[in-house]
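Put chain B on the given structure of chain A with help from the hints.
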Amino acid sequence: MITHPRTEELAQAVGAWIDQIRPSLDPRNAFLARVAANAMATIGRELTLGPAAQARAVARMTALLGRTGDQAGLNSELCAKIRSGELTLESPGLLAALQVMARDQLAIDQPNYRPEGTPAP
Amino acid sequence: MSVDVLAALPPLARRLGGEGAALAAAERLSGGASMETWAFAIDGPGGHEDLILRRRSAPFDPDTARSVSLATEAALIRATGASGAPVPPVRHLCDEADGLGEAYVMGRVAGETLGRRIVSDPRFDAVRGKLARQCGEVLVPIHATPPPDGLNLKTSDGKGELDRYEEVYRASGAERPILELAFQYLRRHLPAPVEPVLLHGDFRNGNIMFDPERGVVAVLDWELSHIGDPAEDMGWICTNSWRFGRPDRPVGGFGDYADLLAGYAAAGGRPIELSRVRFWQMLGSLRWGVMCLMMYRSWADGVERSVERPMIGRRVSETEADLIVLLEQGL
Chain A
1 MITHPRTEEL AQAVGAWIDQ IRPSLDPRNA FLARVAANAM ATIGRELTLG
51 PAAQARAVAR MTALLGRTGD QAGLNSELCA KIRSGELTLE SPGLLAALQV
101 MARDQLAIDQ PNYRPEGTPA P
Chain B
1001 MSVDVLAALP PLARRLGGEG AALAAAERLS GGASMETWAF AIDGPGGHED
1051 LILRRRSAPF DPDTARSVSL ATEAALIRAT GASGAPVPPV RHLCDEADGL
1101 GEAYVMGRVA GETLGRRIVS DPRFDAVRGK LARQCGEVLV PIHATPPPDG
1151 LNLKTSDGKG ELDRYEEVYR ASGAERPILE LAFQYLRRHL PAPVEPVLLH
1201 GDFRNGNIMF DPERGVVAVL DWELSHIGDP AEDMGWICTN SWRFGRPDRP
1251 VGGFGDYADL LAGYAAAGGR PIELSRVRFW QMLGSLRWGV MCLMMYRSWA
1301 DGVERSVERP MIGRRVSETE ADLIVLLEQG L
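Heads up: the protein sequence lines correspond to chains A and B, in order.
FYI, this note's numbering numbers position 33 of the first sequence as 33, with every residue one higher than the one before it.
To convert, count from 1 in the second sequence and add 1000; that's this note's numbering.
Pulled out of the complex, with its shape left as it was, chain A reads as follows:
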């Protein structure tokens, strides 16, 4: 992997440039530019936080399903078992696993989002 620059640094540079030109844009494009800058930030977070999040998800799903596999395969099986009712809210470890996976994905997608149950700032 090239480190000079790292991929997340490229994303960071593009995001900073978009922010720089935003004030010169009409309202609609200024809005879309903000979305684009946010997309670059998401890419950066996925690159830095993604591998550990993926490892945690795989570990949790492996324990729940009692078999090894890749993330996509395990995720697919997990969905099927919830849909069929084989795994429910009461199944040991399911809620805890889903909490970890939800928190990790939110940290990548929207770190500033305050989920249900967060106390007043």
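Think of the hints as simulated: they come from the structure by calculation, not from any bench.
With a straight-line cut-off of 35 angstroms between C-alpha atoms, the simulated DSBU-like cross-links for lysine-lysine are: (1) K81(A) - K1159(B); (2) K1154(B) - K1130(B); (3) K81(A) - K1154(B); (4) K1130(B) - K1159(B).
Positioned in the frame of chain A, the structure of chain B alone reads:
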């Protein structure tokens, strides 16, 4: 199907304002993924008039796939207004001669619709504590409005909504365990049947105009109006995606459940249990999650090319973070 709105507005100004009237200003307001909203003004023999043009801009949208036509929307605004609901005055329903596609014009009502400002701007500090109760109150005339004849509004209940969103979710091809669990949970906790009423269908912070002194001044964006469980409108405004960073204030990020329910009952609405609202709130998070998936799909399928669409797809995880807490808490 590109329409040059700026070119179509001057003739519209003459049509509305009469001979000698001219377009005084026009600006597209940002926000709104499937609808365009333009602020414009006309100066004419009758004086100055500030107006809003609302027109459909996207050929496809998960919202609009079930939405009513703008002509129906205008009819609903007139009908609920006649029942006493605060709504903007409908000024003109656009036709072919206007060259604006599906659109209507309404009078511009002064106030704030940006959810984040209502939740956190100090200008709203004094009135904020009254808003949840007012939201309960304004739902009463809406729910009491007899659906106007000939509109063919859809009727749905909890099971019907779950069926529809599950179908959309399956068609998206996404596999999201938390959404799966939420579908299963809600199916096992369907509320008892209730007499269906006219619903706004998108009653949330962002679609309601507030004044810093008076509170609620107008209920906007009627395109998802349908007939169903009155608690649906209450659950949607309690969905955390519309609390703008204040999950500790369940109604719109500005108030408490008890005030919403009390305002509804005090204004003559049939009392509604909190667990019923929580069912619809949870279904609201699930619904928004599925809608986010569909917005991504419309981009992936090449129907919509705006960068906004795939980024909205990344908002599914906010609904998952909310749903997992609701699943743990129960209704």
